[in-house]
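Peer 1: Spelled out, the chains give:
Protein chains: 6
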Amino acid sequence: MKYAYKTLRVNTETPYIASISFNRPEKANALHMEAWEELKEIFINLSEDDAIRVVILSGEGKHFCSGIDLSLLQELTQSSSIQGGHQNELLRKKIVALQTAVTSIENCNKPVIAAISGGCIGAGLDIATACDMRYASEDAYFSIREIDMGMVADLGTLQRLPKIISEGLVRELAYTGRNVPAEEAEKTGLVNKVYSDKDELTTAVHSIAKAIAEKSPLAIRGTKHILNYSRDHSVADGLNYVATWNAATLLSADLKEIFVSKQKGRSPKFNS
Amino acid sequence: MKYAYKTLRVNTETPYIASISFNRPEKANALHMEAWEELKEIFINLSEDDAIRVVILSGEGKHFCSGIDLSLLQELTQSSSIQGGHQNELLRKKIVALQTAVTSIENCNKPVIAAISGGCIGAGLDIATACDMRYASEDAYFSIREIDMGMVADLGTLQRLPKIISEGLVRELAYTGRNVPAEEAEKTGLVNKVYSDKDELTTAVHSIAKAIAEKSPLAIRGTKHILNYSRDHSVADGLNYVATWNAATLLSADLKEIFVSKQKGRSPKFNS
Amino acid sequence: MKYAYKTLRVNTETPYIASISFNRPEKANALHMEAWEELKEIFINLSEDDAIRVVILSGEGKHFCSGIDLSLLQELTQSSSIQGGHQNELLRKKIVALQTAVTSIENCNKPVIAAISGGCIGAGLDIATACDMRYASEDAYFSIREIDMGMVADLGTLQRLPKIISEGLVRELAYTGRNVPAEEAEKTGLVNKVYSDKDELTTAVHSIAKAIAEKSPLAIRGTKHILNYSRDHSVADGLNYVATWNAATLLSADLKEIFVSKQKGRSPKFNS
Amino acid sequence: MKYAYKTLRVNTETPYIASISFNRPEKANALHMEAWEELKEIFINLSEDDAIRVVILSGEGKHFCSGIDLSLLQELTQSSSIQGGHQNELLRKKIVALQTAVTSIENCNKPVIAAISGGCIGAGLDIATACDMRYASEDAYFSIREIDMGMVADLGTLQRLPKIISEGLVRELAYTGRNVPAEEAEKTGLVNKVYSDKDELTTAVHSIAKAIAEKSPLAIRGTKHILNYSRDHSVADGLNYVATWNAATLLSADLKEIFVSKQKGRSPKFNS
Amino acid sequence: MKYAYKTLRVNTETPYIASISFNRPEKANALHMEAWEELKEIFINLSEDDAIRVVILSGEGKHFCSGIDLSLLQELTQSSSIQGGHQNELLRKKIVALQTAVTSIENCNKPVIAAISGGCIGAGLDIATACDMRYASEDAYFSIREIDMGMVADLGTLQRLPKIISEGLVRELAYTGRNVPAEEAEKTGLVNKVYSDKDELTTAVHSIAKAIAEKSPLAIRGTKHILNYSRDHSVADGLNYVATWNAATLLSADLKEIFVSKQKGRSPKFNS
Amino acid sequence: MKYAYKTLRVNTETPYIASISFNRPEKANALHMEAWEELKEIFINLSEDDAIRVVILSGEGKHFCSGIDLSLLQELTQSSSIQGGHQNELLRKKIVALQTAVTSIENCNKPVIAAISGGCIGAGLDIATACDMRYASEDAYFSIREIDMGMVADLGTLQRLPKIISEGLVRELAYTGRNVPAEEAEKTGLVNKVYSDKDELTTAVHSIAKAIAEKSPLAIRGTKHILNYSRDHSVADGLNYVATWNAATLLSADLKEIFVSKQKGRSPKFNS
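Protein chains in written order, with the numbering used here: chain A, 1037 to 1308; chain B, 1037 to 1308; chain C, 1037 to 1308; chain D, 1037 to 1308; chain E, 1037 to 1308; chain F, 1037 to 1308.
Since the hints were made in silico from the structure, they are not lab data.
Worth double-checking, as some hints may not be accurate.
[Said to hold, decoys possible] Below are the DMTMM-like pairs computed for lysine to aspartate or glutamate, each with C-alpha atoms no more than 25 Å apart in a straight line:
#1 B:Lys1305 x A:Asp1184
#2 A:Lys1229 x C:Glu1174
#3 D:Lys1246 x D:Asp1085
#4 F:Lys1042 x F:Glu1077
#5 E:Lys1129 x C:Asp1184
#6 A:Lys1300 x C:Glu1174
#7 E:Lys1223 x E:Glu1236
#8 D:Lys1063 x F:Glu1219
#9 E:Lys1130 x E:Glu1142
#10 A:Lys1229 x B:Glu1222
#11 A:Lys1300 x A:Glu1250
#12 D:Lys1199 x F:Asp1268
#13 A:Lys1305 x A:Glu1084
#14 C:Lys1076 x E:Glu1077
#15 B:Lys1199 x D:Asp1273
#16 A:Lys1130 x F:Asp1085
#17 A:Lys1223 x B:Asp1233
#18 D:Lys1246 x E:Glu1220
#19 A:Lys1129 x F:Asp1085
#20 B:Lys1076 x D:Glu1077
#21 D:Lys1223 x F:Asp1085
#22 A:Lys1129 x F:Glu1219
#23 A:Lys1229 x B:Glu1250
#24 B:Lys1229 x A:Glu1250
#25 B:Lys1229 x A:Asp1184
Note that the coordinates shown come from a computational prediction; the quantities given were computed from them, not determined experimentally.
The following block holds chain A by itself, in its conformation from the complex (with noise of 0.2 Å):
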């Protein structure tokens, strides 16, 4: 087995497609800090596997994820020898370290579809919102619900959900911490589609990573990093961008193997 995790499972038995499940069902998939060390290790792993082409991240058993652990955010904010500023430069660097897992997500050069199954709480959410796209079953559903802790959320959901969904609704779930249940979420565009439970959830999430890595993989690669580069600039910065990228990257191996597969009537077929 490639990769071996305590809190993970990682399942590459599919060609192409590493499914990963947050693997502590009896914590309901809350995370401790081994947890989030997993989290970020195995997306930098996947971004340079080439066997790997799309990744799916769900949960073992009822939930996606439940958040935080609570004996970690007690451990990140309990007093200690260390008082005042330094205290505080030390909090930081934590949270930073939290976020930086977070963002291996988005970092890792392969499309990543949540499959979200139960409830997806928290840094759950933090989480999913840095997925590329966002799959659920009618039981599944989404709270940011730092503000039951007195915390601001400072994972990635207030800055990454306001491009998924209307910032008018954000601000409500951000303070009011309320669940939004599968039907809302859909309908709001928090989760592309909803299907009736996880089979049926994890069939059809299948066969979307499956399209996906029929594709060219470099185009994939390509498209994952323009979408993120996109994102953060004015539109007339990335149309610059993707032209520089195109210049470098257009001219490929696929490219040819997508006329030469058109020209014999077959499927194209590409290296990673």
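Fit chains B, C, D, E and F to the supplied structure of chain A, relying on the hints for placement.
Peer 2: Then chains B, C, D, E and F, alone, in the frame of chain A:
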């Protein structure tokens, strides 16, 4: 009575909640100069008022707000002894002054909820989009009416609305000035939810306000601050900023109160 | 006939409205080099044409536009005597030239309305997203088809579409290239409204165009300019800019005409 | 006397020129809370005062300004009943208030000239860098002294000085807190010119101020506004903005006066 | 003769080097409308001309350029049948057209060297700051003269000069319009070097141009492109962009030629 | 010995100061792959090392650093089985890896001082500009040598140098690759100061380092962080950020120590 204004009714009877309403129903709550000044003043004051945690903004009478008072518009645009560049420089200053009044809502460090019945027109919509969330009754309708005055809307709608609804719809509304009925407003995300009538709307909005007022005020203020910041910066910048913000504010009496109240099985109680 | 093009039909019979249609129906309106050049030219011309206030863009025959002509793509990407860095530099220049054609729609200082029937594919969608609004008939469908050519879409869709629909959906479409049917396009905000067939679409779009043509042309031009600016700047920057813009343009013959026409109880009439 | 302050001497006897000086020479012009408030107030007032076209800022006695008064620093940083996050949030608000006082110089729509003798230390340098230009006498010296208080300088020097002198020198000064003598200040661009003593400095600076006061006040205000804007935006953005600004203000009585006065061979005379 | 212009002398006799000079010495090279149009045209042409690798810009006769021709300024600003907002909108368009001419120097993908003798005034300085480097003879002097026309300089000096010299000096020059003599220009970085007279200047500048012309033209074009990009973006953005740029262009015939020529102990020879 | 590297000498004998030197004098400290990796590693390590407060970077032997090792450049650019887009994508990744090594200096939370003797060439200058300050001996010289390799400099000089010296000079150096002697480097701000020889340089730089090491380490770390942030943001953004930063870190044991030591008339002593 703590807050006495001519053009605004201010009710602070419900603990932590300030209910403000435009109070010129006989003019469909059109905003003349005094109204703009009071609007700015109340939000600057409420931002500093520790007794208030949430603000609800609505309109007395049938309409939320019918926009800038025509007499003010005429005054702003009438010719005078100053002409040309000097006149235009002065006009710019007056526009900036009105913008500042609208932006005082965004800068108020408490969530501001717009509860909208009847017309929400022109400057009324500029104001509504500067609120955190918008809820409406079925009789509500919305219009970027400035185009019918031969004006480019200049008080915020063209900047803020595209974060709330699809840019494709914003452009249609900005060019045609057509009315958006409540149902369409809900479907497109312009309002979070529509209620059958003004009474139901008032009840529902107070219930949301109450839910927010029970959260940690420090965390609510921080969340609004971060949402404002993140809207105007890249995701990476937003993450870096919230890490620094939480380094400063996360370790608080509110956080302790939450841990304590959880252990004791009671609701947390916060100071402002 | 004022505007005579080979690849575009241009109809300026209705006062103030230019109806442009891609005119290679036998090729599903695929865009070869001449089409790109004419597209750029017509929008540069219309931007300066005082007789025109709104532009409608559609496709002759069954489809809106099936994207870049394959022969052009082959020409762009074929090997030549120049290789490596020099070849890529030249390729970049050609991509920028096509981008400039698409952006001429955004830079045209009149609203451009896309009326879409049948396929709106690849570069067709790049073009549609550069229009101000999109309306469709029920047979319309949309696809970021570039991924099936082994390419990163580089003419604007990846930059502009995330302002129109949820980023979560953009990514699914960009990675899978799947067709979005008209109904889904309406529900998600990709088009503003779907009409039963092409005739109804044409009628409805002309009615919207006519409504816009009756507004102050100066204010319409300014509104488009400000919407373009505000999309790519912070809210504070956008507010400052529109204040300065209105300082320059608010006091106009159009504003006077509105006050006068209101007093006289007639519709305002504007020069361009 | 038009402007009466406790901590500032304000002289408006020379037409169009306001000479302000820090007026606590017995404390080397250290700034306590009242001084900060008056500093902010005078610049807000002068910005609106049509009788004034240029401002000169200097210090009574031997020094320009020795920085924040230690008693204020102690007050800002002393512990209180509020602790942790709430205390830090309050501290942030107080820092922002002091920053606002400094930035009132930048926001004053008249050029502000710093005339510096003796020490220009800590907050004194924050203030000097917010002025448009700096001139000094030979006894002047400059220091980012905050580092010796265990503080990150937070009132503007770290933001504004790198636009004035090489970033390499800024960093040395910020890390070491060393004194920069007048001669080095001139050679590196920190001040525009050094004069032999305070009298010569005063004379020279008044002569510069007089030259500026004779220009079109509208054009001077615009130039300062554009310089502020351009510093914080790309060249393309700055060009676009100044085109719009001049569209609003170029055609003015001042421009006419210049053409007329040139024809008549006399100096132009402008209203404010 | 390849390039024939009325207002410009163009000499392309020296291989790879285009020497352009303003050619209205009897008007101190003041720029009327035709001159602006030709300026724009020559730089657009030279950008595409593979025979040219470096451009030198100077002035015939005693002066480099005395700025915008007064007759053009009067034409731009005279009143007409169009008034108010419409007039200002048109004025803005004309300013943008002149800006575009200046920016064509920056957009020209070859280095442009300004060789400055005599006056470099107003628009002359706008043009000089858009060049890559500036060299001068001892009789040169520089002035932001727009302030004496009652104008905010709007063709680039206020945007570009603060990257070249200290912002403190820019503001003095912009407010006073005073002449900067050559010696001060060298000391402050406004010009790279001063030569004793025009002949020496010409010789020296040609020698620099020749040195540049011997480098890889592909790398020179890329370096200019990256310097332009990096000036207007963060360091992180600039690094990311140049990595992508070099991914496209680094592996080239020029690189091979360098390795080969080094092995053979000869100078490299490049195609354009 | 705490830090043992093959390509770097690391001396941590002087308390709080790490002296690092490139240690391949026989190759003029050219950087091969191992050197890049160790460079990155040492700065990541030092950033976390509480025993170190300042870093000095110099070169063993006659030169500071002669740039990228030619063998590495050949390896990076040689053809392989992968071609076209895939090859370029890989090349981009390798460039980014080298950039990351350089940027590790900027990200190291301690000031890094470059002490430069002899050649500081190509990548050597990229590295020197990523340091906080630069000091040199009289035999030092500097060159953007990449242009002579047919390359666009891609490791930071084109981004960072324009903040240190005039953009006009940067462009000359980037296009010509000429050597800048120490004296000119001092006059133009490229280095802060020149000392007569390497010994004097070493002594002087250690003295500066010692002065920095005696300051509050928390404040020094914060100052560097803020200078980095402010370089890439607007003044308003920089002010807002430092207010938040100081809200988190100002109230510290270091601040208390300063008040106490001042009262007791002794030097303050800080923990890291």
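Peer 1: Which hints from the list above does the structure break, by number from lowest to highest?
Peer 2: Checked against the structure, the hints that fail are numbers 5, 6, 8, 21, 22, 23 and 24, while the rest are satisfied.
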